[in-house]
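J.: Taking the hints into account, I'd like the entire structure generated from these sequences.
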Amino acid sequence: MGKARKTRALREQERRRSRKIRMMIATGTAVLLVVALVVVQQVTSSGSGRPDTSNLAGIADVKAEFSGLNERAGTIGNPNAQVTITEYGDLRCPLCKTFDNEVAPQVISDIVRPGTAKLQYKTWPILGPNSVEAAKAAYAARQQNALWPYASLTYLNQGDESVAWFTPTVARALAKGVGLDITRFDKDRTSAAATKAIAQVSNEAQRLGFEGTPTIRVAGPKGTITVNATYAAIANGVQQVSGSAG
Amino acid sequence: VTTRRLAALLALLELAVAAYLEIERARGRSVACPIGGGGCETVQQSRYSHLAGIPLPVLGLFGAAAMLVTTLLGDPRARTAALVLAFAGALFSLYLAGLQAFEIHAYCAWCLTSAVLWLALAAATAVGWLRAGD
Numbered sequence: 014m015g016k017a018r019k020t021r022a023l024r025e026q027e028r029r030r031s032r033k034i035r036m037m038i039a040t041g042t043a044v045l046l047v048v049a050l051v052v053v054q055q056v057t058s059s060g061s062g063r064p065d066t067s068n069l070a071g072i073a074d075v076k077a078e079f080s081g082l083n084e085r086a087g088t089i090g091n092p093n094a095q096v097t098i099t100e101y102g103d104l105r106c107p108l109c110k111t112f113d114n115e116v117a118p119q120v121i122s123d124i125v126r127p128g129t130a131k132l133q134y135k136t137w138p139i140l141g142p143n144s145v146e147a148a149k150a151a152y153a154a155r156q157q158n159a160l161w162p163y164a165s166l167t168y169l170n171q172g173d174e175s176v177a178w179f180t181p182t183v184a185r186a187l188a189k190g191v192g193l194d195i196t197r198f199d200k201d202r203t204s205a206a207a208t209k210a211i212a213q214v215s216n217e218a219q220r221l222g223f224e225g226t227p228t229i230r231v232a233g234p235k236g237t238i239t240v241n242a243t244y245a246a247i248a249n250g251v252q253q254v255s256g257s258a259g
Numbered sequence: 028v029t030t031r032r033l034a035a036l037l038a039l040l041e042l043a044v045a046a047y048l049e050i051e052r053a054r055g056r057s058v059a060c061p062i063g064g065g066g067c068e069t070v071q072q073s074r075y076s077h078l079a080g081i082p083l084p085v086l087g088l089f090g091a092a093a094m095l096v097t098t099l100l101g102d103p104r105a106r107t108a109a110l111v112l113a114f115a116g117a118l119f120s121l122y123l124a125g126l127q128a129f130e131i132h133a134y135c136a137w138c139l140t141s142a143v144l145w146l147a148l149a150a151a152t153a154v155g156w157l158r159a160g161d
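Chains A and B, in that order, give the protein sequences.
At position 131 of the first sequence (counting the first as 1) the number is 144 in our numbering, and the numbers step up by one without a gap.
At position 70 of the second sequence (counting the first as 1) the number is 97 in our numbering, and the numbers step up by one without a gap.
No lab work stands behind these hints: they were computed from the structure.
As the structure is a prediction and not an experimental result, all values here were calculated from the model.
A virtual CB, placed ideally from N, CA and C, is assigned to each residue, including glycine.
Careful: at least some of the hints might be erroneous.
[Stated by the list, open to error] Some chain B residues close to chain A (C-beta under 7 angstroms, calculated; not the full set):
no., residue
1, Arg31
2, Ala59
3, Pro61
4, Leu78
5, Ala79
6, Val111
7, Phe129
8, Ile131
[Said to hold, decoys possible] Short derived list, chain A residues pointing at chain B, Cβ under 8 angstroms:
no., residue
9, Val51
10, Ala86
11, Gly141
[Unchecked claim] Far from chain A, by Cβ distances over 10 angstroms, these chain B residues were calculated:
no., residue
12, Leu33
13, Leu36
14, Leu42
15, Glu130
T.: Listed below in structure tokens is the structure:
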């Protein structure tokens, strides 16, 4: 009787020991797995994340993209066009960069240049204080009717979003890149009017319930709609709101 | 049985969070960010949002799906696999939370929710494993 109990106790002890070892192996495997994941992530995510102001990319491309397009109040294209496409963007937002690099050029060449619609940019900074700095610079470029080229050049040289890369040096280098009057640019960038203009757009975006950037709105005689940030969706949106009302 | 059900429920919730993040990312939209003032997009678009080119929500989807399957299977091997998965998920989530605090300087409510779910999964799976007495 006592022997059986002893055997049972020994077996139980052995089972506990084995369980402890397996728990340790499981924990060790998990730790090794995570270490491997962290190493891979750190290796594949390196880079300074700041634009090279001494060698800005795409100055000539931006000039070519907007040549002959007059800008007024952040809007390019035929001022009498019945349809207005509005982009709510943040200069530090990577999705807006993708939109500006891949979708906007076709919108400009196929919809804006033929005069079907005009294209407006509204700066809505949603990525923290550094985005507000970028939005102020965009406001100053808008005052010199060069918001579109300024935004495009910024997107082409966009830094990493996790870095506060939009410094006054970057702001000025980009302004020089699109040929702005730097004294006026700095004055407008730091003005109270810039802060007020940004607040107005932010309030508008919040009131309209936008969830993020880029948000694209298409307005025309048949109403105003929010569309996806793709060429097909914008072209379709322009058709939907075009024509006489009613 | 209770911890297994709890773990399955947590894995389902994690699956839903990862699916939402991935769908919004694939649609090219930023997620609704109830707290943190745009922190979700900052985190989502930071250079830490991918692992060797794979978006982290995709990794989360696979992790949560594997977690759900191993939890539901319930045999000793699956229980041990679930334990490894849950521990790895919890540790990696803690690392990602650390990145948000010390590298990105922005917080994403969805990512923190996911971290809490993984920690709870690790706790539930460990308790279940100990109770099962394999």
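J.: Now look at each hint and say whether the structure bears it out.
T.: The hints, checked one at a time:
1. Annotation: Arg31 (chain B) was flagged as interfacial toward chain A, and the flag is violated, the nearest CB pair being 17 angstroms apart, outside 7 angstroms.
2. Hint on Ala59 (chain B) holds. Least Cβ distance to chain A is approximately 5 angstroms, under the 7 angstroms limit.
3. The beta carbon of Pro61 (chain B) comes no nearer than 11 angstroms to any beta carbon in chain A, farther than 7 angstroms, and the hint placing it at the interface is violated.
4. With a cut of 7 angstroms, the hint placing Leu78 (chain B) at the interface with chain A holds, because the nearest CB-to-CB distance is about 5 angstroms.
5. Hint status for Ala79 (chain B): holds, given a least beta-carbon distance of 5 angstroms to chain A, under 7 angstroms.
6. Because the closest C-beta pair between Val111 (chain B) and chain A is about 5 angstroms apart, less than 7 angstroms, the hint holds.
7. With its C-beta approaching chain A no nearer than about 11 angstroms, Phe129 (chain B) sits outside the 7 angstroms limit, and its interface hint is violated.
8. Checking Ile131 (chain B) against chain A by beta carbon gives a least distance of about 4 angstroms; that is within 7 angstroms, so the hint holds.
9. Among the interface hints, the one on Val51 (chain A) holds; its C-beta lies about 6 angstroms from the nearest C-beta in chain B, closer than the 8 angstroms criterion.
10. Interface restraint check: Ala86 (chain A) against chain B, minimum CB-CB distance 26 angstroms, threshold 8 angstroms, status violated.
11. Because the closest C-beta pair between Gly141 (chain A) and chain B is about 6 angstroms apart, less than 8 angstroms, the hint holds.
12. Look at Leu33 (chain B): its CB is around 19 angstroms from the nearest CB on chain A, clear of 10 angstroms, so calling it non-interface holds up.
13. The claim that Leu36 (chain B) lies off the interface holds: its Cβ sits roughly 21 angstroms from the closest Cβ of chain A, which is beyond the 10 angstroms cut-off.
14. Here Leu42 (chain B) stays apart from chain A, with its beta-carbon at least about 19 angstroms from theirs, past the 10 angstroms limit.
15. Glu130 (chain B), annotated as away from the interface, has a beta carbon of chain A within 10 angstroms; the closest lies near 7 angstroms.
The structure fails to meet hints 1, 3, 7, 10, 15 from the earlier list, while all remaining hints are met.
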